[in-house]
Amino acid sequence: MTTGTDLEFTDPLPLEFYNRDPVVVARELLGKMLVRRTRQGLCAGRIVESEAYLAQNDPGCHAYGGRRTNRNATMFGQPGRAYVYLCHGKALICAVIEPEDTASVVLIRAIEPITGIELMAERRGNVPTCDLTRGPGKLCQALAIGLQHDGHDITKGTGLWIADHPDSKGVAISKSPRINVWATPDLELRFFITGNPYVSKSRGPFQTTFTGVIA
DNA sequence: CACAAGATTCTCT
DNA sequence: GAGAATCTTGTGA
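Last residue of the first sequence: number 241 in my numbering, and the count goes up by one each step with no gaps.
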């Protein structure tokens, strides 16, 4: 973390990381680095909040009941791709999980800015640092992630990828129901780093449960 | 072709 | 905390 280069971010997580149980992947993505390189420079942040959307028995999932449209086609493709779509005019980014034709994803809801904070602030209209990436739409704007990334391979280190970040080991994590997914208030499929200030909703009408530490 | 629906965010009270 | 803005996509006439 002290090299002054981006070498520590250059090893993308491999496809096998994503080809597993989406709940496990959602938990294990906490603490990892989301990295974005453009001609303007390098931006990266630690993932502090994620949500799993399941191919099976999950009415909150875009692919519920095998529903397949142009928008969600990427969900049915290979793991280790980005599923980017719009909600209320804002881009949101997920990682595609599990093998082809199994349409599970993990939504990245918040990151903690680490590198390229000035560039992120520029893209976000110079809001305070604490608001740069606290929310799925905000972090996409901060990292200049858009629909052009739908289907992008995030295992190659080309422009947009996710890398390991050993510093996060031992950090406490909690779970809760997902945010703004009214269909399934009972499913605790949201995971976040306990007490991290960049988590989008630390308080809410839902229960949060301590669920362990990062391995 | 019209229209409703969001895995959101911002701007007020 | 409530309400509006936002804009693409999916669906049904």
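Simulated from the structure, these hints should not be mistaken for lab results.
Backbone N, C-alpha and C define an ideal beta-carbon position, used for all residues, glycine too.
There's no promise every hint is true.
Now the in silico label distances, taken between C-beta atoms and shown as ranges [to be verified]:
1. Thr184 - Phe232: 33 to 41 Å
2. Ala241 - Pro125: 36 to 44 Å
3. Pro231 - Pro125: 12 to 20 Å
4. Gly230 - Pro154: 17 to 25 Å
5. Phe236 - Ala209: 22 to 30 Å
6. Gly230 - Thr155: 20 to 28 Å
So, going through the hints one by one against the coordinates:
Here the CB-CB span from threonine 184 to phenylalanine 232 is close to 37 Å, well matched to the stated 33 to 41 Å. Between alanine 241 and proline 125 the C-beta distance comes to about 24 Å, which lies outside the given range of 36 to 44 Å. Distance hint for proline 231 and proline 125: a CB-CB separation of about 36 Å, inconsistent with the stated range 12 to 20 Å. Take glycine 230 and proline 154: their Cβ atoms lie about 22 Å apart, and the range 17 to 25 Å holds.
The hinted window of 22 to 30 Å between phenylalanine 236 and alanine 209 holds, with their beta carbons roughly 25 Å apart. Between glycine 230 and threonine 155, the C-beta spacing of about 23 Å keeps the proposed range 20 to 28 Å intact.
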